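**Student:** Each chain, written out:
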Amino acid sequence: MTLFIQQLFNGLALGGVYCLAAIGLTLVFGVLRIPNLAHGALYMLGAYLTYFFLTTIGVPYIAAIGIAAIMLFVVGVGLERLVFHPLRNSPHTHHMIAAVGAMFFFQALAQAIWGADFRRMDTPITGELRILGAEISAQRIVIIVVAVIVLALLAWFIKRSIHGQTIEAIEQDRVGASLVGINPSMVSMLTLGLSALLATIAAGLVAPINLLSPTMGDALNLKVFAIIILGGLGSLPGAIVGGFALAIAETMTATYISSGVGEAVAFIVLVAVLAIKPTGLFTKAVQR
Amino acid sequence: MLTLDNVSTGYDAIDVLHDVSITARPGELTVILGANGSGKTTLFKTISGLMPIRAGSVEYEGRKLNRSRPNAIVKAGIAHCPEGRHLFGKMSVEKNLRLGSYPHRDKARTEEIFTEVLDLFPILAEKAKQPAGSLSGGQQQMVAIGRALMSDPSLLILDEPSMGLAPIVVDQVLASVAQINDKGIGVLLSEQNAKASLAIAHRGYVIAEGRIVLADEAANLLDNPEVQAAYLGL
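From first to last, the protein sequence lines are chains W and X.
The C-terminal position of the first sequence is numbered 288 in the working numbering, with every residue numbered one higher than the one before it.
The C-terminal position of the second sequence is numbered 1234 in the working numbering, with every residue numbered one higher than the one before it.
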C-alpha cells in the first residue's frame, strides 16, 4: 500500500509535467493546424535556461523557472514569426520539415552552449513529506502544486479572459474569428509563445529529477504526441486527462511489471486508441 | 458611405467580379439581388477584407480599405455577417455574442448592445447558455446577426440571411433586418428573394455573372420589367 501511494504521487507529478507540455502542443495544433515537432526542443531549451539562471546566475528556483518561461515565450513568438508565419499558405509537409529544422537548430544551439554531456540540476528543494505512510519527496509535491496552479490559471485565461477566448475562437472558426475583429496572426504568436512558456514550466519542474541533455526533448515529444492523440487533437480536457492517465499508467506498470514495459505503455495505449477510436477519447465526432 | 469603384477580384486565374461599382449610403438599406453564383458572396468578402482586391478601390467614410485586413475593417465600422454564419459552434450563444464586441471592448457599450440584441431576438435569451452549434438554422442566423451587431457597426453586411430557412423564419429575419435599419444602422443585404427584400430596402443593385446590370431606387426596381421577369416570376 505504501508503495502504491508512493507511485501514485510519482505518477501525479509526472502527469503534471506531461499535462503542461501537452496542452501547449494541443493549443498550437488547434490554432495553427500543425503538429509542432519542435515542441520537445522548446522544452529542452526551457530546461537549460532554468538551469542557467538557477545554477550559473544563482536566481531562486521558482524565479529561475519564471524568467526562463518568459524568455521561451519570446522564442515561441519568434518561431511563429520567422518559421511558421511565412509558411502559412504552403502545404502541411513544409511546416513539418521546418519544425524538424527548428528542432535540430535548438538542439545544436544547446549543444554549442552547454555541451553534449548530461548535466544534473541539483534539487533546490530537499526533504520528504510523509503522506499516508509513504515518503514523498518535496520536489514532487512542488511539481504537483505548481502544475495544478498553472493549469487553473490557464483554464481561467482561455475560458474567461477576452484574449484567451480568441484562441478558442480561432480554433473553432477562423473566418468567424477574423470577422469579429480578431487578428489570426496575433493569436498564432500568442499561442506558440504560450506553448513554449508552458513547456518551460514543465521542464523546469522536472529538471531536478531528470538529467539535462540537448536531446532530452525527443522522448518527451513522443509522449506528448501520444497524449494529445489519446485525448483528441486540440482538446484541452483531453490533454489534461490524457497526461495524467498516461503518467499513472507508466509509473504503475514500471513498478508492478517492469520499467521496460512502463516506457512502452504510452505506445501500447496509442496504438490501441488509434485502432479503436482514432479521433481521440475526448472528441465527440469528426468535426466539419 | 461605402463606395466601391470599378472593383475586380477573383480566385486564381478566374475573375469573379468585373468592374463592380456600388455605393451604400449611410443609414440606408441597400440590397444586392442576384442568382446563385452571381458574385454576391465574393463582393461582400471583398468589402470585409476576406478576399484581396485585384483592381479598383473600396472606400468607407473617406478611408481607403483596399489593403486592410478583416480585423481593421470591423474596427472601421463594417460588420460582415457571412454566408454559412461562421459561428463558434462549441461556445455558448452568449459567448458568441460577447466575442462580437472584441473590436471595441467597451464594457458599458457591450452591455447596452447585448440587451438590444436580446430585445431584437428574445429567443436568444432563452438559449444563452447553449452551444451555438446546437441551435436551429434560424436561431443560428440570429446569433450571427447579433454577433455582428455587437461590434457596434455603422454598416452591417448580411449575406443571404434567409438562405436555407423556412419561409416563416425568413419573414422574421427580414423583419428584424428592417428593425436594425430603423435604428440608423446602414445595411448592405444580399438576397434572392427580391420582393421581400426590395420592400424593406431604399436602394438596390442587380448583379449577374459578376457585373452590376441594374442600379436604382428600390421602388423603381420593384416595377422594373427585367427584375420582375428574372426575380419575381411575373
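It should be emphasised that the hints constitute simulated quantities derived from the structure, not laboratory data.
Among the hints, erroneous ones may be present.
Label pairs and their calculated CB-CB ranges [said to hold, decoys possible]:
hint: 1; chain 1: W; residue 1: R174; chain 2: X; residue 2: D1015; range: 22 to 32 Å
hint: 2; chain 1: W; residue 1: E135; chain 2: X; residue 2: G1084; range: 38 to 48 Å
hint: 3; chain 1: W; residue 1: A108; chain 2: X; residue 2: T1003; range: 17 to 27 Å
hint: 4; chain 1: X; residue 1: R1105; chain 2: W; residue 2: R88; range: 20 to 30 Å
Capping the alpha-carbon separation at 30 Å, the derived lysine-lysine pairs in DSSO-like fashion look like this [said to hold, decoys possible]:
hint: 5; chain 1: X; residue 1: K1075; chain 2: W; residue 2: K159
hint: 6; chain 1: W; residue 1: K159; chain 2: X; residue 2: K1183
hint: 7; chain 1: X; residue 1: K1075; chain 2: X; residue 2: K1090
hint: 8; chain 1: X; residue 1: K1064; chain 2: X; residue 2: K1127
hint: 9; chain 1: X; residue 1: K1195; chain 2: W; residue 2: K159
Chain W is nowhere near these chain X residues, computed Cβ spacing over 12 Å in every case [said to hold, decoys possible]:
hint: 10; residue: D1015
hint: 11; residue: A1072
hint: 12; residue: N1096
hint: 13; residue: L1120
hint: 14; residue: R1211
As the structure is a computational prediction, the values presented were derived from the model and not from experiment.
Note that CB positions come from ideal geometry on N, CA and C, so glycine has one too.
**Student:** It remains to establish, for every hint, whether it holds in the given structure.
**Tutor:** Hint-by-hint comparison with the structure:
no., hint, in the structure
1, W:R174 - X:D1015: 22 to 32 Å, "holds, 25 Å"
2, W:E135 - X:G1084: 38 to 48 Å, "violated, 59 Å"
3, W:A108 - X:T1003: 17 to 27 Å, "violated, 55 Å"
4, X:R1105 - W:R88: 20 to 30 Å, "holds, 26 Å"
5, X:K1075 - W:K159, "holds, 24 Å"
6, W:K159 - X:K1183, "violated, 33 Å"
7, X:K1075 - X:K1090, "holds, 25 Å"
8, X:K1064 - X:K1127, "violated, 39 Å"
9, X:K1195 - W:K159, "violated, 44 Å"
10, D1015, "holds, 21 Å"
11, A1072, "violated, 8 Å"
12, N1096, "violated, 9 Å"
13, L1120, "holds, 18 Å"
14, R1211, "holds, 26 Å"
Hint compliance for this structure: hints 2, 3, 6, 8, 9, 11 and 12 are not met, and every other hint is.
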